[in-house]
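J.: Chains A and B, in that order, are what the protein sequence lines are.
Residue numbers are given in my numbering: position 35 of the first sequence equals residue 35, and the series is strictly consecutive.
Residue numbers are given in my numbering: position 48 of the second sequence equals residue 48, and the series is strictly consecutive.
Hints in this document: simulated from the structure, not taken from any laboratory.
Check the hints yourself; a few may be wrong.
If several chains are the same, the list does not tell them apart, and a pair holds so long as it fits within one copy or across any two.
[Said to hold, decoys possible] Calculated lysine-lysine pairs in the BS3-like style (CA-CA distance at most 30 Å, straight line): (1) Lys174 to Lys65; (2) Lys174 to Lys129; (3) Lys65 to Lys80; (4) Lys129 to Lys65; (5) Lys23 to Lys65.
Protein chains: 2
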Amino acid sequence: MGTETQSSSPRRRGRRPAGEDTKRALLDAARRGFAELGYDGATVRGIAADAGVDPAMVNHWFGGKEGLFTASIEIPVDPKQLVETLLSGPTEQLAERMVRTFLQVWDGTGGGAFVTLVRSASSNDNAAKMLREFISTMVFGPIARRLGVDRPEFRAALCGTQIAGIGLVRYVIKLEPFASADHDTVVAAVAPNLQRYLTGDLGTT
Amino acid sequence: MGTETQSSSPRRRGRRPAGEDTKRALLDAARRGFAELGYDGATVRGIAADAGVDPAMVNHWFGGKEGLFTASIEIPVDPKQLVETLLSGPTEQLAERMVRTFLQVWDGTGGGAFVTLVRSASSNDNAAKMLREFISTMVFGPIARRLGVDRPEFRAALCGTQIAGIGLVRYVIKLEPFASADHDTVVAAVAPNLQRYLTGDLGTT
Chain A
1 MGTETQSSSP RRRGRRPAGE DTKRALLDAA RRGFAELGYD GATVRGIAAD
51 AGVDPAMVNH WFGGKEGLFT ASIEIPVDPK QLVETLLSGP TEQLAERMVR
101 TFLQVWDGTG GGAFVTLVRS ASSNDNAAKM LREFISTMVF GPIARRLGVD
151 RPEFRAALCG TQIAGIGLVR YVIKLEPFAS ADHDTVVAAV APNLQRYLTG
201 DLGTT
Chain B
1 MGTETQSSSP RRRGRRPAGE DTKRALLDAA RRGFAELGYD GATVRGIAAD
51 AGVDPAMVNH WFGGKEGLFT ASIEIPVDPK QLVETLLSGP TEQLAERMVR
101 TFLQVWDGTG GGAFVTLVRS ASSNDNAAKM LREFISTMVF GPIARRLGVD
151 RPEFRAALCG TQIAGIGLVR YVIKLEPFAS ADHDTVVAAV APNLQRYLTG
201 DLGTT
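Generate coordinates for the entire structure from the input sequences, incorporating the hints supplied.
T.: This is the structure:
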């Protein structure tokens, strides 16, 4: 070992983490598995088998099934932790926490990650299904159900319209003065609307 | 002429409108021109020259510059007419008219046209710019300014978040029970929020 070791292929600069291929194979298999079977239907064992790796690698690389799911849709949050964080605090400020957290998470990626997410969902049915699963099964659905409000699924979807719309206008369309508005300005404008979707009167039809 | 006429290539069924090539060349040139110079900066003459056709063809095929713009972003409405329709009627029901019209227009395309629009905007900077232009210069901007409210550009963008979010959840993510909710149900839930963006108190920061 040492400087005298030379291979016929050029040496990579810097270190490459071990197991990148395993990780990538798991992510690819996860996208197929979750899209086909849904979050609840897909199993760690099945995804690992499809990827041709040991199921223990899922814990090793992603901390479990949920981490694998979120990594495979490239949403940079842990949904379970997110739900707990959002629900801790007064319910009447829940919407405010949601808007602020959304902006912190996605502004933190420079917005580009949200554009990627939207492009995937609008180009690929599987990606759209996974995003649907994320919203309904993992974040807004659980929140609405924990609030004990009427029509929780409809409220979860309404929250989805407002939150996804913020991302679309801020990161994809980049419409000013909204795209570069500071977080307090966005929260003051949007949170009361989102709060109505969570706990308010949705009207009758 | 007649049944005895046979060509070496198979005959197309039905009639093909004359000038399809001209139309396509104009649409391609329009996408380039509007993206590069904006709606106000691009000219019919310049776009026609880029397409290598007579400027009169723009009127012939698209009824003018505005029709060419909307055809080139594949939004199935005439923005000027849309603004007039929306603004005719009581201001306190403006949001209701906006939501209802949005649903009629895009449900009318089966939703697929909205998915295409989102895919373009998230894949291509020029398409994103054109959508931005459509929202700010042609629809929500003019409406907000005509209302004489404070912060018209910010309100226009907020309306954009809610309206685009409806489309994203209904047509792209297809999240139930929102995706197949009838128009009255969506209007009852969403219009009060949109109305606040148009004429309500947006909070201070």
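J.: A separate judgement is required for each hint: does it hold in the structure or not?
T.: Hint by hint, here is what the structure shows:
1. Proximity of Lys174 and Lys65 under a CA criterion of 30 Å is satisfied inter-copy only: 24 Å between copies versus 34 Å inside one chain copy.
2. In this assembly of identical chains, Lys174 and Lys129 lie within 30 Å of each other by CA distance both inside one copy and across copies; the values are 25 Å within and 8 Å between.
3. In this homomeric assembly, Lys65 and Lys80 come within 30 Å of each other (Cα to Cα) only inside a single copy, at 12 Å, whereas the closest approach across copies is 50 Å.
4. In the homo-oligomer, the alpha carbons of Lys129 and Lys65 lie at most 30 Å apart inside one protomer (17 Å), although the nearest pairing across protomers, at 38 Å, exceeds that limit.
5. In this assembly of identical chains, Lys23 and Lys65 lie within 30 Å of each other by CA distance solely inside one copy; the values are 13 Å within and 51 Å between copies.
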